[in-house]
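Student: Residue numbers (our numbering), protein chains in the order written: chain F, 1 to 121; chain X, 1001 to 1840.
A few of these clues could be false.
What the hints assert, rightly or not - What follows is a list of derived Cβ distance ranges for each label pair:
id, chain 1, residue 1, chain 2, residue 2, range
1, X, G1763, F, Q113, 31 to 37 Å
2, F, R26, X, T1599, 33 to 39 Å
3, F, E99, X, Q1509, 36 to 42 Å
4, X, L1777, F, D23, 54 to 60 Å
5, F, R47, X, M1070, 53 to 59 Å
To be verified - Lysine to any residue pairs mimicking SDA-like chemistry, simulated, CA-CA at most 20 Å apart:
id, chain 1, residue 1, chain 2, residue 2
6, X, K1548, F, V21
7, X, K1810, F, H114
8, X, K1667, X, K1799
9, X, K1810, F, E94
Source of the hints: derived by calculation from the structure; they are not laboratory data. For each residue, glycine too, the CB sits at the ideal point set by N, CA and C.
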Amino acid sequence: MNSVEEIKQWYKAEWYKVAHVEDFPRNGGVCIKLDNLQIAVFNFTSRDQWYACQNLCPHKMQMILSRGMIGDKNGIPKVACPFHKKTFSLETGENLDGEDYKLTTFPVKVENQHVYVGLPA
Amino acid sequence: MTCKKSESGKTKKVIVVGNGMVGYKFCEKLRAKAGPDRLEITVYGEEPRPAYDRVHLSEYFNGKGSEDLMMAPRSWYEENEITLHMSQLVTHIDRENRCILTHKGNRDLYDKLILATGSRAFVPPIKGTEKEGVFVYRTIEDLQAIEQYGRKCKRAAVLGGGLLGLEAAKALMDMGLKASVIEFIPRLMPRQLDKNGAAILQHKLEKLGLEVYTGRQTEEITGNGSVKSLRFSDKTDLDVDMLVISAGIRPRDELAKACGLKTGERGGIIVDDCLKTSDENIYAIGESALHQNMIYGLVAPGYEMAEVAASQIVRERDKTFTGFDMSTKLKLIGVDVASFGNPFTKDHGIPIVYEDKLKGIYKKIVVSDDGKKLLGGMLVGDAESYNSLHQRFLNDIDCPENPEVLVLGARGDAAEGDGVENLPDEAQICSCENVSKGDIVGLIEDNELTELGEIRNETKACTGCGGCTPLVKDLLNHTLERLGKSVKKTLCEHFEYTRQELYSIIKVQNITTFDDLLDEYGKGDGCEVCKPAVASILASAWNDLVIKQDTIQDTNDRFLANIQRGGTYSVIPRVPGGEITPDKLIVIGEIAKKYGLYTKITGGQRIDMLGARVDQLPDIWQELVEAGFESGHAYGKALRTVKSCVGSTWCRYGLHDSVSFALRLEKRYRGLRAPHKLKGGVSGCIRECAEARGKDFGIIATEKGWNLYVGGNGGSKPQHAMLLASDIDEETCIRYLDRYLMFYIKTAEPLNRTSTWINKMDGGLDYLKTVIVDDSLGIGAGLEEEMQKLVDAYRCEWKEVVDNTDLQKKFRHFVNSDEPDPSLKFRDYRGQKVPDGWGS
Ligand code: SRM
Ligand SMILES: Cc1cc2nc3c(=O)[nH]c(=O)nc-3n(C[C@H](O)[C@H](O)[C@H](O)COP(=O)(O)OP(=O)(O)OC[C@H]3O[C@@H](n4cnc5c(N)ncnc54)[C@H](O)[C@@H]3O)c2cc1C
Ligand code: SF4
Ligand code: FES
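Isolated chain F (complex conformation) (with noise of 0.2 Å):
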């Protein structure tokens, strides 16, 4: 289940419609354009669940991260960035290795095939 926050998060979303499920790759993530933004989406298919979050890593400021690798450590969903390795939270977006900066994630939901990220309204 989804927690209060999260809950709280989806319905002040704002929706927009990035992208077809065939889009993706199993268990792999692409990058989609909302305007300016760069956001990251990624099918996380072994879970059965999907995730969202700034494409932008912030080690080196480099718009990468859709191309990371996913996996979980100790249960928590996350994404390897491919320059050097950085392990992020897909949940919370927090540094795993222990350093201080951290991700923006997004909601994301499915329906009738068709995948949706959610904005702050």
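Given chain F, work out where chain X with the ligands should sit, using these hints.
Tutor: Here is chain X with the ligands on its own, set in the frame of chain F:
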């Protein structure tokens, strides 16, 4: 000569004569006890290089350079403020004025003088030893001369069938010579073995191709200028082109004698338990010292002497030298031989003997009359139990009730009380560096050490003769297990298996996807550690297209290109062997120009085009594929390049066509995925312009064929490749390479280069040789077959993408727009573009 006396009283300056193994160890120990502010240390060495590891001298023939054998680099002496004079023979000692004189006429004053002059090879008074082609076996220069002279020889002999003689004989055989050993006494290794043990050893050596003549007295070395034959006292002749004399050693006491120090009747500088000579201010240590009528021709007692002398000089007066155990294990020859204690006890003690003539095993121990204590023993053909027996002997541990289990092995269970866990804490594990069991266990417990290398660094154990390495390993594993730490190298939290185990599972269970493997054998969702590791195993096992499972690949493999700063990629087409036509060069130039790519010649003899956007990659490759290029796998943990030199087609020194061979190899192994990247090189002669010995496999042309070297590496820890086989033809070379590479792929840990893999391997290069060359595991044919399958399954990854529109769709930045990434920024740099820093 005149010298001024230095102020007497406090020791201020120590001079060491001789920079051999023991002289060096003395410097190390003395400096550790007294810093440069307390003591000045100056060393004079006759040899042209700093002290090196004489014990492992023979490895010079296996490709170890003189650098690798060095005990410490020159810089070590500087860092420790020790003045080192090389290539200077000390010729006189003026004891009255405490001054030495060198052959260059330099004088130097000392407060304390250490004679660590070692010994020289003994050359018996036989007619003809001055002839060309007669050598001794003691220094790097000796080995260089033997190697050089040996090139024009076919038959060689060694005079002397002791420990060293057999080692030398093995080296001669490795050089491809027909070798014989001649021993005056009627058996081999007379100091260590009895008649029966020696007979078994001789039989085994003969099977290895060594000719053995025992009970032969050599009367004359005949030949006109250079050696032609050996004439024995029974007037028979043995034809040889070369002779290596290894008939024992003589202490170098000439300097001591000349200045009136007491020396032994049969040589050696007489010392007391404090290692002092007959002069208050002069000590002697190592092979030149005669202690209680005994010369110790081994390194461990020499190191102990170094310790005692150093502690005497800084006045830690409690330490003395009271003799040393002379147990030894023969190395290198390919037959296990070891002896410890006194295995000849005739008048007291009871021998227990086990002999298996068929298998060539002979084990003998001598126990005290009451059966309680182990007094000595010898092992031939199987020396596995050497370490445990030796420890039992050294530590005076009681024998089990039926002492015969010590040689026979207990029926059923392993012999009780044999393992490291049963040794007392004081048990000495490393005799060269005097490290006890307690020292090592303490370090593991307190400092959380988990690797053999860490223990080596901390204690220096295993760095001398190396004989204790298996014991230290056992001790490490035991202690870790006892502490509840896992010793197993599992991949990560998702798989409780090592890479080698996963490789077998994948092969045996026919698993082809990461998801299937995770379902059956793993847990969780996987991560950035196990996904690429499994991807690499899958690729090695089946050579299927990596891009089919793109999301488990590291980004370079996912986009078949190397990611660069700013998020663009580089393109490196394969240029096998570095050979390229002008037309192809023009194509590369045109493509780079068209797509605005930065170009650079790589260190791997090919051309890199950098700065391609992800969406441009398929188009660029389409043009390259059409012009006949293939993927260069610069992005993969796969075969990169096989570098070549120009070779015999053009080069005036070239022996064979190195370019053609490199091309052939690069084409054979192109695309081969491995635990880490793989590189090769082929040079047309010993000048080695292709730097082949810096590669995972390196091949160098010889007069008779090719030498194959393995395990080389550039990078941050450079290492030269080591000789695996010499003078082989191309087909044999490829067969060995198939086996070597496949064995590596199957057994290495993830991201270990071949060098690391071999360094970690039990038995190291010697073991690898038996597996690859002797096929000791009987897997040679299987490995070759597996490799052939991979070779046959090769397809160019980029050609597949260029031919497949579905795959091309993966190459775009946005999924909902065809726009390229607007955040990319470049700047101009010497007329080309480069990324503008690390992004915004
Ligand atoms: C392009 C090139 C430099 C050049 O412009 O010359 C290069 C570039 C990189 N090297 Fe290299 N190496 C290149 C030749 C070498 C060589 C020289 C050679 O191959 O003869 C060496 C030393 C030899 C060796 O490998 O033993 C070399 C030793 C390394 C190492 C250290 C490996 C080691 O075992 O210690 C790394 C790091 C690694 O692989 O983990 C590395 C890693 C890299 C990476 C892949 C780092 C990375 O992951 O981004 C660099 C990629 C830049 C890029 O994206 O293009 N590169 N690299 C060379 C490509 C050769 C080719 O044609 O494929
Ligand atoms: C091939 C080989 C294999 C061996 N294998 C083993 C083994 O497996 N196990 C083992 O324990 N031992 C082994 N040994 C023996 C071991 O190498 C010696 O015990 C050890 O090197 C002795 O050290 P040292 O310093 O006393 O003498 P050395 O290492 O001989 O050093 C003496 C140095 O002093 C120099 N010197 C002499 N006189 C002068 C002078 N007047 N002025 C300046 N310099 C001078 C010499 O040139 C030499 O460099 C082996 C030896 C050889 C040759
Ligand atoms: S290695 Fe030898 S054959 Fe090759 S180019 Fe250099 S000199 Fe010529
Ligand atoms: S840029 Fe992402 S980890 Fe360094």
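Student: Hints first: check each against the structure and report whether it holds.
Tutor: Against the structure, the hints:
1. X:G1763 / F:Q113: 31 to 37 Å: violated, 59 Å
2. F:R26 / X:T1599: 33 to 39 Å: For R26 of chain F and T1599 of chain X the Cβ distance comes to about 37 Å; the hint holds.
3. F:E99 / X:Q1509: 36 to 42 Å: With a Cβ separation near 39 Å, E99 of chain F and Q1509 of chain X satisfy 36 to 42 Å, so the hint holds.
4. X:L1777 / F:D23: 54 to 60 Å: violated, 50 Å
5. F:R47 / X:M1070: 53 to 59 Å: holds, 56 Å
6. X:K1548 / F:V21: Holds, because 18 Å separates the two Cα atoms, which is no more than 20 Å.
7. X:K1810 / F:H114: holds, 19 Å
8. X:K1667 / X:K1799: With a Cα-Cα distance of about 16 Å, the restraint between K1667 of chain X and K1799 of chain X holds, given a limit of 20 Å.
9. X:K1810 / F:E94: Cα-Cα ~28 Å, so violated.
In terms of the numbered hints stated before, the structure departs from hints 1, 4 and 9, listed from lowest to highest.
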